[in-house]
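**Q** Chain order of the listed sequences is D and C. Under this note's numbering, think of the first position of the first sequence as 1, with each following residue one higher. Under this note's numbering, think of the first position of the second sequence as 158, with each following residue one higher.
No lab work stands behind these hints, which were simulated from the structure alone. Here a beta-carbon is modelled for each residue, glycine too, at the ideal position from N, C-alpha and C. Each hint should be verified, as a subset may be incorrect.
[Stated by the list, open to error] If the Cβ cut is set under 10 Å, some of the chain C residues that face chain D in the computed set are:
| # | residue |
| --- | --- |
| 1 | Q165 |
| 2 | N166 |
| 3 | A169 |
| 4 | L176 |
| 5 | L181 |
| 6 | P183 |
| 7 | F225 |
| 8 | P230 |
| 9 | R244 |
| 10 | I245 |
| 11 | L621 |
| 12 | Y624 |
| 13 | V627 |
[What the hints assert, rightly or not] Label-pair ranges, simulated between beta-carbon atoms:
| # | chain 1 | residue 1 | chain 2 | residue 2 | range |
| --- | --- | --- | --- | --- | --- |
| 14 | C | T202 | D | E119 | 26 to 34 Å |
| 15 | D | L16 | C | L351 | 33 to 41 Å |
| 16 | C | I570 | D | G90 | 16 to 24 Å |
| 17 | D | T34 | C | F305 | 19 to 27 Å |
| 18 | C | G672 | D | G90 | 29 to 37 Å |
| 19 | C | F305 | D | V110 | 27 to 35 Å |
| 20 | C | D237 | D | T34 | 24 to 32 Å |
| 21 | C | L351 | D | I22 | 36 to 44 Å |
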Amino acid sequence: MLMRMSKIVRFSADLLYAGILIFGFYVIMHGHLTPGGGFQGGAVIATAVALIIVAYSYEDLLAMVSKLRFIVQESAGLVLFLGIALVAVGFGTTVFANYLANSGSLFGMVVPFGSNPGELNTGGVMPLMNIAVGLEVWGALALVVLYMLSGIREKEA
Amino acid sequence: MISEFIIQNAPALLIAVPLLGAFLSPLIGRISRDVRALWVLAIITLTTLLGLLVAYLVYTGGTLIYVFGAAAPTLSIPMDSGGIPIRIILTLDALSALMVIMTVTVGFSVILYSLSSDSRRSGLEAYYTLFLLLIASVLGMFTTGDLFNFFVFLEISSLAAAGLVAYKVEKGKAVEAGLKFLMVSAIGGVFFLLATGILYGQYNALNIAMLASMIQWTPLDKLALVLIIVALAAKCGSVPMHYWTPDAYSMAPAAVTAMLVVVSQASLYGLFRFCFTLYGLTLTYAVIGWTLITLGVLSMVVGVTMAIPQKDIKRLMAYHSISQTGYMLLGVGVGLAVLGDQALLSSYGFTAIEGGIFHIFNNALYKGLLFLTAGAVILRIGTSDMNRMGGLGHNMKWTMILFIIGALAIAGIPPFNGFASKFLIYESVFAFNPILSIIAMVVSILTLASFVKVFHSVFMGPRLPEYADVKEAPASLLIGMAILSGLVIITGLFPEFFVQHLIAPAAHALADQSGYLAAVLGGA
Numbered sequence: 001m002l003m004r005m006s007k008i009v010r011f012s013a014d015l016l017y018a019g020i021l022i023f024g025f026y027v028i029m030h031g032h033l034t035p036g037g038g039f040q041g042g043a044v045i046a047t048a049v050a051l052i053i054v055a056y057s058y059e060d061l062l063a064m065v066s067k068l069r070f071i072v073q074e075s076a077g078l079v080l081f082l083g084i085a086l087v088a089v090g091f092g093t094t095v096f097a098n099y100l101a102n103s104g105s106l107f108g109m110v111v112p113f114g115s116n117p118g119e120l121n122t123g124g125v126m127p128l129m130n131i132a133v134g135l136e137v138w139g140a141l142a143l144v145v146l147y148m149l150s151g152i153r154e155k156e157a
Numbered sequence: 158m159i160s161e162f163i164i165q166n167a168p169a170l171l172i173a174v175p176l177l178g179a180f181l182s183p184l185i186g187r188i189s190r191d192v193r194a195l196w197v198l199a200i201i202t203l204t205t206l207l208g209l210l211v212a213y214l215v216y217t218g219g220t221l222i223y224v225f226g227a228a229a230p231t232l233s234i235p236m237d238s239g240g241i242p243i244r245i246i247l248t249l250d251a252l253s254a255l256m257v258i259m260t261v262t263v264g265f266s267v268i269l270y271s272l273s274s275d276s277r278r279s280g281l282e283a284y285y286t287l288f289l290l291l292i293a294s295v296l297g298m299f300t301t302g303d304l305f306n307f308f309v310f311l312e313i314s315s316l317a318a319a320g321l322v323a324y325k326v327e328k329g330k331a332v333e334a335g336l337k338f339l340m341v342s343a344i345g346g347v348f349f350l351l352a353t354g355i356l357y358g359q360y361n362a363l364n365i366a367m368l369a370s371m372i373q374w375t376p377l378d379k380l381a382l383v384l385i386i387v388a389l390a391a392k393c394g395s396v397p398m399h400y401w402t403p404d405a406y407s408m409a410p411a412a413v414t415a416m417l418v419v420v421s422q423a424s425l426y427g428l429f430r431f432c433f434t435l436y437g438l439t440l441t442y443a444v445i446g447w448t449l450i451t452l453g454v455l456s457m458v459v460g461v462t463m464a465i466p467q468k469d470i471k472r473l474m475a476y477h478s479i480s481q482t483g484y485m486l487l488g489v490g491v492g493l494a495v496l497g498d499q500a501l502l503s504s505y506g507f508t509a510i511e512g513g514i515f516h517i518f519n520n521a522l523y524k525g526l527l528f529l530t531a532g533a534v535i536l537r538i539g540t541s542d543m544n545r546m547g548g549l550g551h552n553m554k555w556t557m558i559l560f561i562i563g564a565l566a567i568a569g570i571p572p573f574n575g576f577a578s579k580f581l582i583y584e585s586v587f588a589f590n591p592i593l594s595i596i597a598m599v600v601s602i603l604t605l606a607s608f609v610k611v612f613h614s615v616f617m618g619p620r621l622p623e624y625a626d627v628k629e630a631p632a633s634l635l636i637g638m639a640i641l642s643g644l645v646i647i648t649g650l651f652p653e654f655f656v657q658h659l660i661a662p663a664a665h666a667l668a669d670q671s672g673y674l675a676a677v678l679g680g681a
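Work out the full structure, taking the sequences as your base and the hints as a guide.
**A** Rendered as structure tokens:
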């Protein structure tokens, strides 16, 4: 018999879930403009995973997504981060160089002088790295929660 | 074209390659165990080649720097920064290069060993990820020229090593050892971070060379140095912060233990690097030198006396590691104690530093070898209790020979490498203070006695009925051990060559603060 919260709690969690995701992605995407960044945003999104576990159950969550998905996501985030850093060598600069900044392409807008509302399309590789870190932290923290719960039984053995 | 890229970016690739291997191994491991083994082997081979390349570049071309994110690898001070190195800079002098050589050789051997000895365990996707992360973090600690960056790699090494120590679980005993290690490391890490914060708050810089050019020996600097020494001495397992070592070393898989020796040497490297390069002549060298000497003598004596009554073979070896760490602290401590006196420094101070550094290098080789032989024995008979061993020399001849090489090396018997480095230490320490040298010799004799006991109770005696059909260790274990023992013999037979071409440049690089500063700050 699975332990689930009442329908009211589950419905509220469903509602909150979308809000948490949007806020998490907002923090990740605006990492180069506002406080926060990939790690913080990823942690926010991982709390959405934890919320689903609390409102539904461990088994329900595993029926929705597999652990493998989080493992792939974690590794992909890390490889993406390292890859973005290493690609810089191809531009004749050093590892971690910001080859996209002020280039006019993706995230390559020159930051306008003076006070401005915050231009999202700036920062070069930094927003990309924030996204990579966000993916990694989302996957990793979700895995941490899942592994912690996998040792807990519903009833005394 | 490609080779030029590699040479130019070798210091960064040295850390990036094992990191990439670590991140991808959980995914690649899903294909099959064999593909994962091949992947790990390819990554460690590539890392080893890069490590040797970097060391070659440093020994032929002098101190190497690599500036992350700059337009060119050597552009340490950007035009518009006002003479301040703002980026993370890898700084490799001869000492770093020597340590990189040590790490990649030991890393390569233990991965070879581990691929066979641990191939049938569960949870390997995490195991190899952590193992490669551990190697990457140690390489990072040896190569970084940035105080905060050192802290980051220190923390990565603590977390990865704690996970690996706890890996076998062993009814919770290994987990306890891992947790103990994590506690000590975390407290050490916090101390180190506090010291970093104190220095950053005063001088607005994190680059070691930049800090060294401004440091003053204010009361806050003294506090920072105390925190750094305590944190790193705890991490390298020096008495009186040694209590995590026996648990962690005996509970970890053998290959991990051999790597943990290198990890503790990395903390020792940090300790020496910060005393000599960061503080240099500003610190009261006699007092700090004697502090290191006291820690060293305590570690030597307590380590070896605690080792003698042990019944568990890996626990015994763990206590010997503590005792060997004492030699390094003693050697380099003597060098530090006479740092300000040029005459004494050139008469015996440099020899003492050379002895200490040579001992770090040698210890990683023979100690790694000994832990691997112990692991091979435990793999075949399933117990680490020496009272239940005996007569294994009949069935495990090669393991026995490799063990003898390691045991004679650690006891300082010529022609093995332990003798060469211990001799340098005895000789120079005798000129400094004869009593210390006598203590070091007595400890060496006790080490020999202890290993004669191990040898006798494990390998000698009649063939025991329960071990009648024990087989020799598998070939890949033997190859891993043979690489290390070959190096033990070569460094023991030609110490003159090694001291002249590898150790002496490293010792001079450690004592030469202005050279380090000039390499980063451009002679300013």
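**Q** Confirm or reject each hint.
**A** Hint-by-hint comparison with the structure:
Taking 10 Å as the C-beta contact cut-off toward chain D, the hint placing Q165 (chain C) at the interface holds, the least distance being around 8 Å. For N166 (chain C), the interface hint holds, since its Cβ comes within 10 Å of a Cβ in chain D; the closest pair sits about 5 Å apart. Below 10 Å, beta-carbon pairs count as interface contacts, and A169 (chain C) has one with chain D at about 4 Å; its hint therefore holds. Against a cut-off of 10 Å between C-beta atoms, the interface hint on L176 (chain C) holds, since the closest Cβ of chain D lies about 6 Å away.
Interface hint status for L181 (chain C): upheld, as the beta-carbon distance to the closest one in chain D is roughly 6 Å, under 10 Å. A cut of 10 Å between beta carbons decides the hint on P183 (chain C): the least distance to chain D is about 6 Å, and the hint holds. Checking F225 (chain C) against chain D: minimum C-beta separation of about 4 Å stays under 10 Å; hint holds. The beta carbon of P230 (chain C) is positioned within 10 Å of a beta carbon in chain D (closest approach about 5 Å), and the interface hint is therefore held.
Against a cut-off of 10 Å between C-beta atoms, the interface hint on R244 (chain C) holds, since the closest Cβ of chain D lies about 9 Å away. The beta carbon of I245 (chain C) comes within 8 Å of a beta carbon in chain D, closer than 10 Å, and the hint placing it at the interface holds. At about 40 Å, the closest approach between the beta carbon of L621 (chain C) and any beta carbon in chain D exceeds 10 Å, and the interface hint on this residue is violated. A hinted interface residue such as Y624 (chain C) counts as satisfied when its beta carbon comes closer than 10 Å to some beta carbon of chain D; here the least separation is about 37 Å, so the hint is violated.
With its C-beta approaching chain D no nearer than about 36 Å, V627 (chain C) sits outside the 10 Å limit, and its interface hint is violated. The hinted window of 26 to 34 Å between T202 (chain C) and E119 (chain D) is violated, with their beta carbons roughly 46 Å apart. Judged by the Cβ atoms, the range 33 to 41 Å given for L16 (chain D) and L351 (chain C) holds: they are separated by roughly 39 Å. Between I570 (chain C) and G90 (chain D) the C-beta distance comes to about 53 Å, which lies outside the given range of 16 to 24 Å.
At roughly 23 Å, the beta-carbon separation of T34 (chain D) and F305 (chain C) lies within the given 19 to 27 Å, and the hint holds. Hint check: G672 (chain C) to G90 (chain D), Cβ distance near 33 Å, so the stated range 29 to 37 Å holds. Separation of F305 (chain C) from V110 (chain D) is about 30 Å and conforms to the stated range, judged on CB atoms against 27 to 35 Å. For the hinted restraint 24 to 32 Å between D237 (chain C) and T34 (chain D), the CB-CB distance of approximately 26 Å keeps it satisfied.
As the Cβ distance of L351 (chain C) to I22 (chain D) is approximately 38 Å, the hint placing it in 36 to 44 Å holds.
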